[in-house]
Amino acid sequence: MQLVKNKTKAFQFLILFSLLSFMIWRTEIEYHGWHGLTWLTYDPISIPIVLSLFVLWINIFFNFKNTPDRFILNLLLLFWIVVGSLLIINSLKLLFSYYSFFLTEWQLYLFNFIIIVVIPLFPFIALISLKLLKINVPKKYILGSQLLYLGAFPLAIFLLQLSNHKGGPNLIHAVKSGFVFPFLFFSFGWPLIYAFRKEIPPS
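For what it's worth, the numbering used here labels the leading residue of the sequence shown as 9, then goes sequentially.
There may be inaccurate statements among the hints.
Said to hold, decoys possible - Simulated pairs of lysine-lysine, DSSO-like, Cα-Cα distance not exceeding 30 Å:
hint	residue 1	residue 2
1	142	15
2	17	139
3	13	142
4	147	17
5	13	139
6	15	148
I should point out that these hints are in silico values taken from the structure, not numbers from a laboratory.
Hey, can you work out the whole structure from these sequences and the hints?
Written out as structure tokens, the structure is:
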């Protein structure tokens, strides 16, 4: 059973919500002030708002026959999105602020493992975990999601350079500007449009 009936509309709204994720993040950045590392001195409320936007998209377009399945899927997706966001935000704070000076050697090893292994593989881990609900995503879309996720930062940096954005084309401004968020948002949602569930025929 295909979980998304109207793929065209789901795709259109995914693009719209991806762009909204940029606008929400950037609005908060500008509200607190663009200068320096101000954006690393507070916990962004735009993150839970963007997460809620993703969950809203799931609930609008996913077709479930019973409420418990929908509830469990929401919990599973929310868990992975929150974990991923916390990893990325805290990793950025450690990378680009003075907090890194207070880490012990084993904490630095753990931090580097998260940056090098866990975060790059995050879409793969999250999508594979859907099998717990017997939800399958075709392998080619999982691979596509992984590649777009990994390419999100280079694409954002390219757009920064193309638009001659303030701060310059680099990793920190790819996040700070919000340019990376639509790519990340889209990379998680796009493969779910093609998710399916094998129905067990009645015995």
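Going through the hints against the structure:
1. Our distance criterion of 30 Å between C-alpha atoms is met by residue 142 and residue 15, whose separation comes to about 20 Å.
2. For the given pair, residue 17 sits about 25 Å from residue 139 by alpha-carbon distance, which is consistent with the 30 Å threshold.
3. Restraint check for residue 13 and residue 142: the C-alpha separation of about 18 Å stays at or below 30 Å, so the hint holds.
4. As the CA atoms of residue 147 and residue 17 are separated by approximately 23 Å, the hinted pair is consistent with the 30 Å bound.
5. Annotation: proposed proximity of residue 13 to residue 139 holds, straight-line Cα distance about 20 Å (limit 30 Å).
6. This hinted pair checks out: residue 15 and residue 148 have alpha carbons roughly 17 Å apart, not beyond 30 Å.
When each numbered hint is compared with the structure, no violation occurs for any of them.
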